[in-house]
Structure formats: C-alpha cells, structure tokens
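Engineer: Going line by line, the protein sequences match chains A and B.
153 is the number that the UniProt record's numbering gives to position 153 of the first sequence; each next residue is one higher, with no gaps.
63 is the number that the UniProt record's numbering gives to position 63 of the second sequence; each next residue is one higher, with no gaps.
It should be emphasised that the hints constitute simulated quantities derived from the structure, not laboratory data.
None of these values were measured; they are calculated from a predicted model.
Note that beta-carbon positions come from the ideal geometry of N, C-alpha and C, so glycine has one too.
One or more hints might be untrue.
To be verified - Going by beta-carbon spacing under 10 Å, a handful of chain B positions derived as facing chain A:
hint, residue
1, R18
2, R27
3, R40
4, E111
5, P114
6, V156
7, L167
8, L186
Unchecked claim - Per the computed footprint, the stretches of chain A lying under chain B, defined by three or more beta-carbons under 8 Å from a beta-carbon of chain B, are:
hint, region
9, 19-32
10, 97-110
11, 147-154
12, 160-171
13, 175-189
Protein chains: 2
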Amino acid sequence: MAGGRRLSAEQRRAELVRAATAVFAERGYRGTSLAAVAERVGITAQGVLHHFRTKDALLLAVLEERERDLGGAAAAAGGTADRLRYVVTRMLAEPGIPQSLCVLSADSVTEGHPAQGFFRARYERLRTRLADGLRAEFGDTVPGGLGPEAAAVLLVAVLDGVRLQWLLDPTAVDLAAAVDDAVRLLLERG
Amino acid sequence: MAGGRRLSAEQRRAELVRAATAVFAERGYRGTSLAAVAERVGITAQGVLHHFRTKDALLLAVLEERERDLGGAAAAAGGTADRLRYVVTRMLAEPGIPQSLCVLSADSVTEGHPAQGFFRARYERLRTRLADGLRAEFGDTVPGGLGPEAAAVLLVAVLDGVRLQWLLDPTAVDLAAAVDDAVRLLLERG
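Only chain A is shown next, with the shape it has when bound in the complex (with noise of 0.2 Å):
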C-alpha cells in the first residue's frame, strides 16, 4: 500500500495530485471523490483533507501541475500552431480533464465563487502568453490580420467553445478539426 510509505507533505501533496489526474480523467467531475482519490493512493479520506479541503481545491491543484506540465511540452512543440494542436491532442486523450475544467471554470462565473480569483488570473495568464508568444512569431499582426492580443482572445475562447460542443456530442463535433479551422483562419492564412 502506498500509504504505508512515510512520506513528506509535500510528496503526499504531489502523489495526491498525480492520483487525482488520473481519476478526474476516468470518471469526470461528478465520478470524482476525495474518498475515490485517497482510496487510489491508499489513504483515508481523512487524510486527503489534511492536503485538499474541497474536490474542487484538489481539481484547481490538478490543473496548476497540468499548466505547468503543457507549458513545457508545448513550448517543446515549437510554434503557436503546433502548440494549440498538442493542447488539442491532451483533451482527446484524457476527456475527463476538459470535462472537470469545463463545469468549475464556467461555475465560478457566479458571484463569490470560491475559484473565481483563480480562473480569472488563470484566463488572463492564457492571453498574455499566448499573445507574447504570437508577438514574438508574427510581429504586430497575426496572418490573420489581427493584433497578437485580439487574436489570443480569439483563440482560447475557440478552445472553450468548441470544448463545451464537443464534451456534449463528440459524434457530431470534431475537436480536433474545428480548432484546426481557427489555427488556419487566424495564425496560417497565406
């Protein structure tokens, strides 16, 4: 049993957070427990509240380590374009991620939300670098014809957007294509 091993807090924290990826990717939001995490590292629920209060403060945990993670994948992926397109490849291999993302980032829209102050530093953090990156690319106007900040607006709204049709009937929407369109129409027109 892994929670036979003394750990620090902070590798409990990691280990808590790497079980919770996999578990918010298998079952989604609702599927997902502090009891079916602690359950996955071999701990009482108890002893994931030590570490996370809430589920919702384990999956703004989960997402953190993941933006830290795509960053530096995606950076390795060369330009924006391609970048985009990893993201693209991640949501369709783990779907319960986007899912989980999708209803707690829309949720904290509401007044006093607790994830609030997260998700609104979060999205701008997303624009800012998407836009800086854009700038060093492409100079003062995208392919598109857009400036680098119009167009990071742009860009991750398509990735929302398209994410929320998709989670709803991925039958009838390919992600994959129509981020693909947006890459196209915005960063790669001739």
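Starting from the structure of chain A, add chain B where the hints point.
Structural biologist: Positioned in the frame of chain A, the structure of chain B alone reads:
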C-alpha cells in the same frame, strides 16, 4: 397583487417565465431562487413548484422563450453577421442571463445531467440554423474560406468562449469587439 388574478395554467406559466427572466437577468444564477420568482408574481414558492420543479427547469423555460424571441428579432436584423451582433447586444444588456446559461450549459456536460439532452439538442439546432443561414447567404463557402457547417461550429464556440472570459473579467475582455473580430474574419473577409 398579480397573484390575486385568475390565470389559466398557461398564462401563469408565461407570467412565471417573464418574472424568472427578470430575476435571472438581475441576480444571476446563484442569486435566483424559486422563492424570489414566486415573490415577484405574488404567489407562494409552492405555487411555482406546481409549474416548475427546480430552478434549472425554470431557467430552461426562460432559455426556450428567449430563443424564440431572439429568433424573431434576429431574423429581422438581416444577415448572419448582424444577427450575431444583435445577440451580443442582448447579452450586454442583461448579463445575468448569459451568466446563468454559462453555468448550466457547462454543468450539463457531466454524465446523466438532467439538462444534457436539452443542451445537446439546442447546440445541434443552433449549428444547423446558423449553417443553413450561411449557406443561403454565401453558398458552399463563407468569405473566410470555410464551409457553412464548420463556420457555424466556430461562431457558436466564439460566442460561448468569449462569454466565459468576459463574465470572468468584463474589464479585460471586450465581448462585442471579440465577436466582431470573429464575424469579420469568417464572414466579411474581402
């Protein structure tokens, strides 16, 4: 008191949907309750339960009514580009409605959610109507170079995705400007 009048079930239902539209628009998803809607029309919460069993059921009725309404007004607005811009002015005028829709539609992607069938059908309908309109207006290729169906997926995605960023941070994201960028890119390219 409105509640003192004798209304048919249909009239009462319509009155409740009108009142709920105002309450959702003013107070958003969390701030709206069956009790608040009941109070607005001068009946008891029990009286509302007779017509709508949950807040979400009431929100779905608001959405259906609004879709009929927007359908008529938007059709009068002319081409697809103008119709999409009209939808944005409505969102800006009553942000509690798009906020409520953002929460419920995203929540519906989870397994077995009671509104999942509704939103799956709604998105299918939105895409089909939009694509039909685009085909009537532009033929088999819209000015941005995509087919009508692919363009419809992206336009709906942009509306939803920019809505999320705007609801989280209205000072950082200009909803009308971002939708306008997408409309010009897809539908008005020279």
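Engineer: All hints are to be evaluated individually against the structure, with a verdict given for each.
Structural biologist: Going down the list of hints, with the structure as the test:
For the restraint placing B/R18 at the interface with chain A, the shortest Cβ-Cβ distance is roughly 23 Å, beyond the 10 Å limit, so the hint is violated. This hint holds: B/R27 has a C-beta 9 Å from the nearest C-beta of chain A, less than the 10 Å allowed. About 19 Å separates the beta-carbon of B/R40 from the nearest beta-carbon of chain A, more than 10 Å, and the hint is not met. A distance limit of 10 Å between C-beta atoms decides the matter here; for B/E111 the minimum to chain A is near 6 Å, and the interface restraint holds.
Annotation: interface hint on B/P114 violated; nearest CB of chain A at approximately 12 Å, more than 10 Å. Among the interface hints, the one on B/V156 holds; its C-beta lies about 7 Å from the nearest C-beta in chain A, closer than the 10 Å criterion. Hint status for B/L167 relative to chain A: holds, with the closest Cβ pair at about 4 Å, below 10 Å. With a least beta-carbon distance of about 7 Å to chain A, the hint placing B/L186 at the interface is held under the 10 Å criterion.
Restraint check on the region 19-32 of chain A versus chain B: 4 residues with Cβ-Cβ distances below 8 Å, three needed, restraint holds. Evaluation of the coverage hint for the region 97-110 of chain A: fulfilled, as 9 residues show C-beta separations to chain B shorter than 8 Å, against a requirement of three. Counting residues of the region 147-154 of chain A whose C-beta lies closer than 8 Å to any C-beta of chain B gives 3; at least three are required, and the coverage claim holds. Interface restraint, the region 160-171 of chain A with chain B: holds (8 residues with C-beta to C-beta distance below 8 Å; minimum three).
Chain B is given as covering the region 175-189 of chain A, and this holds because 6 residues of the stretch bring a CB closer than 8 Å to a CB of that chain, at least three being needed.
The structure fails hints 1, 3, 5 (numbered hints given earlier, in ascending order).
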